[in-house]
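Participant: Sequence:
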Amino acid sequence: MNKASLYNLNSSTSIITFSGVDASSFLQGQVTCDVLSIAEAGSVLGALCNPKGRVISTFQLARNNDDYLMVLPNLMCDIVIKHLSKFIFRSKVSIQDSSDQFNAFGCSDKLSKEAEQILIPTIKIPIAHTPNLTVLIYPEECLESVKLSEHVQIEDNLDKWQQLLTNACYPELSPATSELFIPQMLNLDHLGGISFKKGCYTGQEIIARLHYKGSVKKRLVSYTCTQQYQPGSDIHQLNIDNSIGTILSTHTEDTTNFYGLAVLKLDALQSDSLILRNNIKIFIQPTEYALD
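Each residue of the sequence shown is one higher than the last, beginning at 257 in this note's numbering.
It should be emphasised that the hints constitute simulated quantities derived from the structure, not laboratory data. Remember, predicted model here, so these are calculated numbers, not experimental data. Hints are supplied without guarantee of correctness; some may be wrong.
With beta-carbon atoms standing in for the labels, derived distance ranges [claimed, not checked]:
1. Leu494 - Ser281: 48 to 56 angstroms
2. Ser368 - Asp415: 20 to 28 angstroms
3. Asn495 - Leu399: 49 to 57 angstroms
4. Pro307 - Glu406: 50 to 58 angstroms
5. Thr480 - Gln373: 36 to 44 angstroms
6. Lys366 - Leu494: 18 to 26 angstroms
Restricting the straight-line Cα-Cα distance to at most 25 angstroms, the calculated cross-link-like pairs of lysine to any residue (SDA-like) are [as the list claims (entries may be wrong)]:
7. Lys259 - Lys403
8. Lys453 - Ser281
9. Lys469 - Leu522
10. Lys521 - Ile500
11. Lys366 - Gln409
12. Lys453 - Ala432
13. Lys537 - Ser405
14. Lys338 - Asp322
15. Lys366 - Asp322
16. Lys369 - Asn258
17. Lys469 - Gln484
18. Lys521 - Ala424
19. Lys537 - Asp490
20. Lys369 - Ser405
21. Lys521 - Ile536
22. Lys380 - Asp412
C-beta: ideal position from N, C-alpha, C; glycine also.
Work the whole structure out from these sequences, hints included.
Facilitator: Put into structure tokens, the structure is as follows:
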């Protein structure tokens, strides 16, 4: 029997629950995605922005009965809760870190019919329009049955999962990269993470102006190179003073090969490779979705 690999995301992922009669309207006024369009057990990619339109964090927002579950990197959980709590005022909404009530697993395989019938997740979240790349959310009480299932193999090492997300050019922010980018720089307009038809939300004026009257000067791409760069660091071409972009993430295959995501100026993307300072060569990988 070929077992599907499930990547245990509980060490890297947090889940925030928004509950209360005003949960949907509260979120609708704060995030880039159309909260009111999410069907039961459905999900959508989105971003939380500051008033200048800079992304504080990206996330997947899923509807679970009358509640909303925000799935995001665990390093961003407290930052997002603290930020959104400032805007509750008289709204009847509760914001709670409920990571201990759910389990998140990454999956890149098509589950067998037997596995789909037995391991039915509460929420199934598609990632970056990539076939079979999903995050599966299960309630805490189902953890043992998932782990003991003969149809799947649980992977605690997340190196392969990070590579899958990088190949899909899927943006996740950290404290080092929070509030550096407009959503379009992270390709959220191509990934369905921005609604241009919904009403006002924090940062909406700047994001909409760029969409209707401006042009995006930088885009998110994946890269490989032989030097490790820290997230949030600027990168420069050889003999050029101005930065050509910013590193969003970095991961390693071994001690000499590195890969990750970077937000680069469009004119820097005309070449498959660039020579950076110290003669480091960085190779630009095309996105799996169109950027036109």
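Participant: Against the earlier hints, flag every one the structure doesn't satisfy and list their numbers going up.
Facilitator: 6, 12, 13, 15, 17
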